[in-house]
Amino acid sequence: MRSAWTAASIVALAAVVPGVASAHLMVSGMGPLYDGIDHFGLTPQDLLPVAALGLLAGLRGPPTARLLLGVLPAGWLIGGAVALAGAVPAAPVLAWATAGLFMLVGGLLAADLRAPRAAFGLVAAALGLLRGVADLAGAAPGTGAALSLLGMAASVFVVFALAASVTLPLTRLWTIVAARVAGSWLAAAGLLLAGWILRYGARVAS
Amino acid sequence: MRRLTLVLVMLWGLLAACATAAHELRPAYLEISQTGADAYQVTWKQPTMGDVAIHLTPHLSNGWLERAPSDQYASAGYLVRLWTIQAREAAPLDGRTVEIEGLADTITDVLVRVRPRGGAPIDTILRPESPRFRIDLGHRPPTALPAFLLLGVRHILTGPDHLLFVLGLLLIVRERWTLLKTVSAFTLAHSLTLAAATLGRIQLSAPLLNTLIALSILFIAPEAIRARRGGQSLTTRHPWVVAFVFGLLHGLGFANGLSTLGLDRGAIVAALLLFNLGVEIGQLAFIALVLALRRSFRLMAIAWPLPLQLSPGYAIGVLGAMWTLQYGALLVGAA
Amino acid sequence: MNTTGRDASVSRRRGFAVGAGVTAVATPLVAGAHIVKGEAIGFVTGFLHPLSGLDHVVAMLAVGLWGAQLGRPAIWLLPVTFPLVMAFGGFLGLIGASLPGSEIAIALSGLCLGAAVLAALRPPLPVAAAMVGLFGLFHGYAHGAELPPGQNALLYSLGFVLATGLLHATGITLGLVHRWPWGRVVVRTAGGTIAAAGGWFLWEALASR
Chain Y
1 MRSAWTAASI VALAAVVPGV ASAHLMVSGM GPLYDGIDHF GLTPQDLLPV AALGLLAGLR
61 GPPTARLLLG VLPAGWLIGG AVALAGAVPA APVLAWATAG LFMLVGGLLA ADLRAPRAAF
121 GLVAAALGLL RGVADLAGAA PGTGAALSLL GMAASVFVVF ALAASVTLPL TRLWTIVAAR
181 VAGSWLAAAG LLLAGWILRY GARVAS
Chain W
1 MRRLTLVLVM LWGLLAACAT AAHELRPAYL EISQTGADAY QVTWKQPTMG DVAIHLTPHL
61 SNGWLERAPS DQYASAGYLV RLWTIQAREA APLDGRTVEI EGLADTITDV LVRVRPRGGA
121 PIDTILRPES PRFRIDLGHR PPTALPAFLL LGVRHILTGP DHLLFVLGLL LIVRERWTLL
181 KTVSAFTLAH SLTLAAATLG RIQLSAPLLN TLIALSILFI APEAIRARRG GQSLTTRHPW
241 VVAFVFGLLH GLGFANGLST LGLDRGAIVA ALLLFNLGVE IGQLAFIALV LALRRSFRLM
301 AIAWPLPLQL SPGYAIGVLG AMWTLQYGAL LVGAA
Chain P
1 MNTTGRDASV SRRRGFAVGA GVTAVATPLV AGAHIVKGEA IGFVTGFLHP LSGLDHVVAM
61 LAVGLWGAQL GRPAIWLLPV TFPLVMAFGG FLGLIGASLP GSEIAIALSG LCLGAAVLAA
121 LRPPLPVAAA MVGLFGLFHG YAHGAELPPG QNALLYSLGF VLATGLLHAT GITLGLVHRW
181 PWGRVVVRTA GGTIAAAGGW FLWEALASR
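If you read the sequences in order, they're chains Y, W and P.
Positions 1 to 206 (this note's numbering) are the ones given, in order, by the first sequence.
Positions 1 to 335 (this note's numbering) are the ones given, in order, by the second sequence.
Positions 1 to 209 (this note's numbering) are the ones given, in order, by the third sequence.
None of these hints come from the bench; they were simulated from the model.
A couple of the hints might just be wrong.
Said to hold, decoys possible - A few chain Y residues that face chain W, going by a derived Cβ cut-off under 7 Å, partial list only:
#, residue
1, 140
2, 142
3, 164
Glycine included, C-beta positions come from ideal geometry on N, C-alpha and C.
With the hints as extra help, turn the sequences into a complete structure.
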C-alpha cells in the first residue's frame with residue numbers, strides 16, 4: 001500500500017516539476033547546475049576559504065563541523081539570493097572582503113584556534129554571505145541563475161565535507177601540520193592581496 | 001584512510017582539471033544544432049565576470065543571428081542566448097561562415113559545434129588569431145585519438161542519467177564487497193554493449209533507448225528507498241543482477257554518445273577502448289566522491305532524519321519519472 | 001597498522017615524508033589546473049617569482065633544512081609562521097614602506113642560515129624563530145617591492161605563496177634524511193654549500209654598492 005502511494009506521489013511530482021534538468025543540460029553542453037559547480041571549482045576565492053574552513057572545522061571536532069556544514073551553504077544561498085535581488089556591494093568592498101576572508105580563515109586555521117562554536121558559525125556565515133553575493137553579482141534573476149546558485153551551494157557542501165573529513169580523525173601529526181601550513185599560505189596570500197589592493201586599487205577579480 | 005581521502009580529493013581535483021581542460025576553461029560556446037528537418041537551435045554561451053561581459057558577438061553569414069534571440073538568461077559567470085530557427089532553404093549551413101565579432105581583441109577561445117541531424121558533429125575552436133570558420137558539411141576531420149579518453153570522462157560526468165543510476169545503486173548497496181561486485185557487474189555489462197553497439201553488432205533506436213534508460217532510473221529509485229527503510233527485494237538481495245541488466249542498457253547509451261563524436265573507421269577499436277576507459281575513470285571518480293562524502297558524514301557523526309535520508313531516492317525517482325514521460329512522449333510521437 | 005614503538009615512529013616519519021613529497025608535487029598541478037585559462041599568466045608569474053632569484057631559493061631551502069635539523073617543534077612551527085612573516089614583508093614592500101638594506105640582508109640570510117645548518121646550531125627556539133623571521137621579512141619585502149602591475153593580484157599572490165611554501169617543503173623533505181647518520185652529513189654539507197653561495201651573494205651585493 002505504502003509503495004503504491006510512493007509511486008503515485010513520484011509520478012505526480014514529475015508531472016508538475018518542469019523539465020529544466022534535461023532540456024538545458026544537453027542542449028548547451030552544460031546546464032546551469034553544472035555551471036554553478038564549474039564556477040565554484042574554478043574560482044580560488046571560493047574554493048580555498050571553503051576548503052580551509054573545512055580543515056579547521058575538522059580540527060575542532062564533529063559538533064563544529066556539523067554546525068558549519070549547515071551554516072556555510074545556507075549563507076551562500078542567502079548571499080546569492082541577495083545578489084539576485086540586486087543588492088550588490090561595490091567592487092572594492094568585495095575585493096577587500098576576499099582579502100579579509102583569506103586572512104581570517106587562513107589565520108584561524110594556521111593558529112589552530114580554539115573558540116566557542118558560535119564564533120566559527122559566524123565566520124562561516126560571513127564567508128557564505130560574502131562569497132555568495134560575489135558569485136552571483138551581475139546575474140539576471142531567473143531559473144538559470146537559481147540553478148547555478150544551487151549547484152554552487154552543493155559544491156560548497158561537498159568540498160567542505162571532504163575537507164573536514166581530512167582533519168576530523170586526529171591521529172597523525174603531519175595532517176594537522178599540513179592543514180596549518182595550508183592555512184598560513186591562505187592567510188599569507190590574503191595579506192599580499194591586501195597590500196596589492198592598497199597599491200594598485202581594487203581592480204581585482206572578486 | 002585519511003590519506004586515502006586526501007588522494008581521492010587530489011584525484012578529484014585532477015579530474016576536475018582534466019574535465020575543465022577538455023572544456024577549455026571558460027571559453028565561449030556556440031552550438032548550431034539541427035533539431036528537425038528544417039528546425040535548428042543555436043546556443044551562444046559567453047563567460048561574464050560579475051557585471052562585465054566581454055564584447056563578443058556571434059554572426060552566421062546566413063543572417064540567423066542578426067535577429068533577436070528567442071531566449072536569453074544569465075547564470076553565474078555565463079550569459080546564454082538561444083535562437084530557435086525555422087530554415088527556409090534546403091542546406092542553410094553548408095558553405096556558411098561563422099564569425100565571432102570582437103574575438104580578435106580578447107584572449108578567449110570559442111568552441112563551435114555544428115550538429116547536423118543524423119551525422120557526426122563538427123567541432124572547432126575559434127581563437128583570437130582566427131575568429132572565422134567556414135562550415136563544410138562534406139569534410140569532417142576525425143577526432144584525435146587521445147581526446148577520446150577525456151571525452152569518455154566528460155560523457156559520464158555530464159550525463160545525469162547515468163550518474164543517477166549509479167547513485168541509485170550506491171544507495172542500495174552498503175557493504176563494501178557487494179558494492180565491488182555490483183559496480184563491476186554494471187561496468188562489465190556497459191562495456192560489452194558499448195563495444196557491441198560501436199562495432200555495429202547491436203542497433204537500438206535512440207528514442208526507445210532513452211525511454212528505457214529513463215525507466216531504469218525510475219526503477220532504481222523505489223528500490224533505493226526500500227533499501228533505506230530496511231526492506232528486501234530481488235534488487236537488494238542481488239543488486240549485481242539488476243546492475244548487470246541495466247548496465248547493458250546504459251552501455252548502449254554510451255555508444256550513442258560515442259557515435260556522435262565522429263569516429264575514424266580505422267582507429268575505431270582504440271577510440272572505443274580509450275572512451276570506455278574514460279567512462280570507467282569518470283564512474284570511479286563519482287563513486288569515490290559519494291563514498292568519501294558518506295565517510296565524512298560518518299566522521300561528523302551526523303544523524304540524518306529519515307525524510308532526508310530518503311530524499312535522494314525520491315529525487316532520483318522524480319527525475320526518472322520526468323524523463324520517462326518526456327522520452328516516452330517522444331517515442332510515441334515518433335512511432 | 002603498527003602504531004607503537006620505534007617501527008611506528010619510523011613509519012610515521014616516512015608517512016610524513018611521503019605526504020609532504022606528494023603534496024609538494026601535486027599541489028601546483030592541481031592548483032594550476034583550476035585557473036581560468038587567460039588568467040593563468042598571473043598565477044604562473046607569481047609562482048615563478050620566488051624561484052627567480054637564486055639567493056632567495058637557497059635561503060628558503062636553508063630554512064627548511066634547518067627546521068629539519070632543529071626537530072620539533074621548529075620543524076612544524078617554522079613552516080606555519082614563515083609564509084606569514086614573508087607575506088607581511090611583501091605587504092610592506094607593496095604599500096611602499098621603507099626597509100633599507102634588503103639586498104644585503106638577503107645575501108646575509110643565505111650565509112647565516114647556511115652556516116647554522118653547517119654547524120648544526122641549536123639555539124633556543126625563540127632565537128631561531130627571530131632569526132628566520134627577520135630574514136623572511138626582508139625576503140618578502142624584496143619581492144613585494146618588485147611586484148609588477150597589471151597582473152591578476154589574487155592569482156599572483158597565490159602562486160607566490162605556493163612557490164615559497166613548496167621551496168620550504170622541499171627543504172624540509174630533503175632535511176628529513178637527517179634521521180640517519182649519513183643524512184646528517186648530507187644536510188650539513190648542503191648547509192655549507194648554501195653558506196658559500198650566500199657568502200658569494202654577499203660579496204656581490206657589497207661590491208655593487
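Hint check:
1. 140: Given a least distance of 4 Å, the restraint on residue 140 of chain Y holds.
2. 142: holds (5 Å)
3. 164: holds (6 Å)
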